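Engineer: As a plain string of letters, each chain reads:
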Amino acid sequence: MDLTADLRGDILVIHANEDRLDASSAIQFKDRMRELTLTASQRVVLDLSRVVFVDSSGLGAIVAVLKALAPDRKLELAGLTHTVQKVFRLTRMEQVFAIHAELPQNLRHAS
Amino acid sequence: MTVPPAPRVWVKLRLAADPQAIRDGLCQLMAATPLCDLSDDVRGSIQIVLAEVLNNIVEHAYAGSAGYIDVKIDYEHPTLSFEVTDTGHAMPSDRLPGGELAMIDARTDLPEGGFGWSMIRSLTQGLIYTRRSGRNTLEFWIEAG
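For the record, the sequence lines run as chains Z and L. Counting in the numbering used here, the final residue of the first sequence is number 111, and the numbers go up one at a time with none missing. Counting in the numbering used here, the final residue of the second sequence is number 145, and the numbers go up one at a time with none missing.
Treat the hints with care, since some could be wrong.
Claimed, not checked - Capping the alpha-carbon separation at 25 Å, the derived lysine to any residue pairs in SDA-like fashion look like this:
(1) Z:Lys30 with L:Arg95
(2) Z:Lys67 with Z:Asp19
(3) Z:Lys67 with L:Pro4
(4) Z:Lys30 with L:Asp74
(5) Z:Lys30 with L:Glu76
(6) Z:Lys74 with L:Ala66
(7) Z:Lys67 with Z:Leu36
(8) Z:Lys30 with L:Pro78
(9) Z:Lys30 with L:Thr33
(10) Z:Lys30 with L:Pro111
(11) Z:Lys30 with L:Val42
(12) Z:Lys30 with Z:Leu107
To be verified - One-sided and incomplete, this derived list gives chain Z residues near chain L with beta-carbon spacing under 7 Å:
(13) Glu18
(14) Asp22
(15) Ser24
(16) Gln28
(17) Ser56
(18) Gly60
(19) Val63
(20) Ala64
(21) Val65
(22) His82
(23) Lys86
(24) Leu90
(25) Thr91
Stated by the list, open to error - Computed, partial: chain L to chain Z, Cβ under 7 Å:
(26) Gly25
(27) Pro34
(28) Leu38
(29) Ser39
(30) Glu76
(31) Pro78
(32) Leu110
(33) Arg121
These aren't lab readings, by the way, just hints derived from the structure by calculation. Only a predicted model underlies this, so the values are computations on that prediction, with no experimental measurement involved. A virtual CB, placed ideally from N, CA and C, is assigned to each residue, including glycine.
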């Protein structure tokens, strides 16, 4: 799973650079998130704007990361695309995460 | 004036029962007729349901052993009919699992699974499971709106 991190002030922004987070990438996603979040920061924002599809394994992996960061740090999400938003709504996980419509301009990917 | 009946369009695909083949097969199905012509919202629902159904078969029916899954999609506007078959283990007690979501309260007790059947049940109309001659068949319907 291709993830890249950017530390901006006290916010660690992690960009998901693949279009799917599913049963074939969920474990790799969790491992890579564990490595990247070793960098200390108050907030962690996962940028999902390039991800067009998340299945229940992918969702479970995102929840696992939220739990691993608690209670000291929070995992926030940004840029949910249409179908990804639907998965969060159907499973009521939208109530659990702070979800931003998009990343603030100054936190977006350099490319 | 009589309206001609909507044409029937169908697609069939055989997939190997592993996560990568499921991912590739889903992308292939979404890009082909009849699914490629539907609205984004309906396509989203179909992709969610198919991913859950197929991954459940890989994880539970075949549980790590090799096998095939056959998917057949039949579209006669406005109804899409799906038939998914495999030759893995039967559902426990030959019945479909319920679709209740786990309670969401304390942050430490958040569920990391159990989302699949709940999403399948919310997005489909009718869900019929049969086990016959060592074969599982799941049929369901989605309205294309």
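Engineer: Against each hint, give a clear statement of whether it holds in the structure.
Structural biologist: Hints and how they fare:
1. Z:Lys30 with L:Arg95: Status violated; Cα separation ~32 Å.
2. Z:Lys67 with Z:Asp19: 24 Å, holds
3. Z:Lys67 with L:Pro4: 56 Å, violated
4. Z:Lys30 with L:Asp74: 37 Å, violated
5. Z:Lys30 with L:Glu76: 41 Å, violated
6. Z:Lys74 with L:Ala66: 40 Å, violated
7. Z:Lys67 with Z:Leu36: 15 Å, holds
8. Z:Lys30 with L:Pro78: 40 Å, violated
9. Z:Lys30 with L:Thr33: Violated - the C-alpha atoms of L:Thr33 and Z:Lys30 are around 35 Å apart, more than 25 Å.
10. Z:Lys30 with L:Pro111: 16 Å, holds
11. Z:Lys30 with L:Val42: Given that 25 Å is the threshold and the Cα spacing comes to 30 Å, the pair is violated.
12. Z:Lys30 with Z:Leu107: 22 Å, holds
13. Glu18: Since chain L brings no Cβ nearer than about 11 Å to Z:Glu18, farther than 7 Å, the hint is violated.
14. Asp22: Interface hint status for Z:Asp22: holds (6 Å vs cutoff 7 Å).
15. Ser24: Given a least distance of 4 Å, the restraint on Z:Ser24 holds.
16. Gln28: Constraint on Z:Gln28 not satisfied, violated at 11 Å.
17. Ser56: Holds, about 4 Å.
18. Gly60: 4 Å, holds
19. Val63: 5 Å, holds
20. Ala64: Hint on Z:Ala64: holds, closest Cβ of chain L at ~5 Å, below 7 Å.
21. Val65: Hint on Z:Val65: violated, closest Cβ of chain L at ~10 Å, above 7 Å.
22. His82: Holds, about 6 Å.
23. Lys86: Result: holds, 5 Å to nearest chain L Cβ.
24. Leu90: With Cβ-Cβ at 5 Å, under 7 Å, it holds.
25. Thr91: 5 Å, holds
26. Gly25: Violated. Min distance 12 Å.
27. Pro34: 18 Å, violated
28. Leu38: 13 Å, violated
29. Ser39: Hint on L:Ser39: violated, closest Cβ of chain Z at ~10 Å, above 7 Å.
30. Glu76: Since chain Z brings no Cβ nearer than about 24 Å to L:Glu76, farther than 7 Å, the hint is violated.
31. Pro78: 20 Å, violated
32. Leu110: OK, holds: L:Leu110 within 7 Å of chain Z, min 5 Å.
33. Arg121: 10 Å, violated
The structure does not agree with the numbered hints 1, 3, 4, 5, 6, 8, 9, 11, 13, 16, 21, 26, 27, 28, 29, 30, 31 and 33 stated previously, though it agrees with the rest.
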